[in-house]
Amino acid sequence: MLMQYMLQFRETPEERAKPTDPARAGAYWVGWQAYIGALAQSGTMVGGNVLRPPETATTLRVENGTRHVVDGPFADTKEQLAGFVILDVPDLDAALEWASRAPCASGGSVEVRPVLPPLAA
Amino acid sequence: MDEARRDTTAQARLAARESYGKLLAILAARTRDVAAAEDALADAFAAALAQWPEDGVPSNPVGWLLTVARRSAGHAAARRQTAERSLAMVQMLEDERNDTASDGFGDDRLKLMFTCTHPAIAADAQAPLMLQTVLGLDATRIAASFLVAPASMGQRLVRAKRRIRDAGIAFAIPEAEDIPVRLSAVLSAIYAAYGTAWDDVAGADPRLAGLAYEAIWLARLTVQLAPEQPEALGLLAMMLHCEARRAARRGPDGNFIPLRDQDVSLWSRDMMAEAEAALRAAARVSQPGRFQTEAAIQSLHAQSRTTGERLHGPLAQLYDVLAGFAPTTGVLVARAVALAENGEANVALSQLDAITGAETYQPWWASRARILWLCGQEAAAREAASRAAALSSDPGIRRFLLAGGYRDGP
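Top line first, the protein sequences correspond to chains A and B. According to the working numbering, the first sequence is numbered sequentially starting from 5. According to the working numbering, the second sequence is numbered sequentially starting from 162.
Bound conformation, chain A alone (with noise of 0.2 Å):
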């Protein structure tokens, strides 16, 4: 039985910061591709994105029919979602095992939840 999980990459101001400093963006992009690489050659993985970073985020909300947008992302927490990946797993220790070889697992951290398959029609 194959479940699905998304992992969720959490990123702290830290690993953040490497993309944009030269000496350090390589280093964290070819972890990234190696890391995606291996993902999508095992055949497990559905589907997933990085994000471009928190502060491009927009947050609306709705309240009394009136919309409330706001620059930013929803919580202003250290460490911030930089993307997802949906994989297919027979179980939590296989979603576990691949969410500990992600590179921000040690600067960051990745959150793993179960999927709710469709809903019967």
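Simulated from the structure, these hints should not be mistaken for lab results. None of these values were measured; they are calculated from a predicted model. Just so you know, even glycine gets a beta-carbon here, dropped at the ideal spot from N, CA and C. There may be inaccurate statements among the hints.
What the hints assert, rightly or not - Chain A is faced by these chain B residues, among others (derived, beta-carbon under 8 Å):
no. : residue
1   : 281
2   : 327
3   : 328
4   : 330
5   : 331
We have chain A; now place chain B onto it with these hints.
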């Protein structure tokens, strides 16, 4: 006839005790739905209690129970047709029925134990979950032993089972490289079920003793299923040594009797022999660890009391080793006492003072009383003993402390 009926009932109970965990492991392995497997098993046992007295005990009671439980799980799944999950479950049950390997009733209880102690399950739910799924204990009994309200224990267990199913925690033996860490979680859960600090001067809370037998049963099972694991043997040896002294630990009036004053003729020789055999088997693997060290400490205590040999030096050394493996408050407190017994009471006192966050830890105060007394500080020792007594909920231990039980002699 009545007697025959009673016999059959007893046989059904026995089959339940011996096969509960095995059956649950088989039923839940693929669906990961522990709650559904429990319901199916409950149906099967109820059917056994109703039918066996009429029709006699089947030639293969475990096989009979499994068949009925699977049928019941299939019916339950079919009733929940709306959920897609159930279709998957029916398919899995079908696969399982056709799976000849599991028809031999392989023992998947070790997998079940690894599932219950998976790091993704709340730490305070792991031991209760294992007691419930492997032994079939009910939540009320488990709650009483962990000093938790039955309702909150029930909730904790329900949440943990839901998590196994929804998070997709596998019923599997971990990868070889992960086994030491994962096995240590299994052993810690068994240890938590046993209750801790038996041989602290005042640690033992009698209400925690309720599951000692079950914990030893689980440790024996772990050793049987994973015979090459020295820490499992160590845990078994440690618990058996402590358990061997149960009858000697309390006087007829319920008074607490410390190890140094126990009547050794009341100790169980059988359990001590089993403990020593387990410890020797562990030593042959040459991979020392926390539980083996604790067992060695208990073994030395036993040797010292039965032969009269003074072993305070080796005991203090073993506590140093133990503190290296597991520098918990309980171990650090016990190490200080061992040092004081070995004639270094003043050093022991400063070690004890250096332990932070133990202001309301009863064994800390009880140990302080003993160490202060060994330092020759009578008045301070009495004061520490009364603080310890105030923190104890056990009348036998309170009496022991207030009567000056931290001193030697009558």
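The hints, checked one at a time:
For residue 281(B), the interface hint holds, since its Cβ comes within 8 Å of a Cβ in chain A; the closest pair sits about 6 Å apart. Given the 8 Å rule on beta carbons, the hint for residue 327(B) holds: about 6 Å separates it from the nearest Cβ of chain A. Given hint, residue 328(B) at the interface with chain A, holds; its Cβ is 5 Å from that chain's nearest Cβ, closer than 8 Å. Interface restraint check: residue 330(B) against chain A, minimum CB-CB distance 5 Å, threshold 8 Å, status holds.
The interface hint given for residue 331(B) is met, as the beta carbon of that residue sits about 4 Å from the closest beta carbon of chain A, less than 8 Å.
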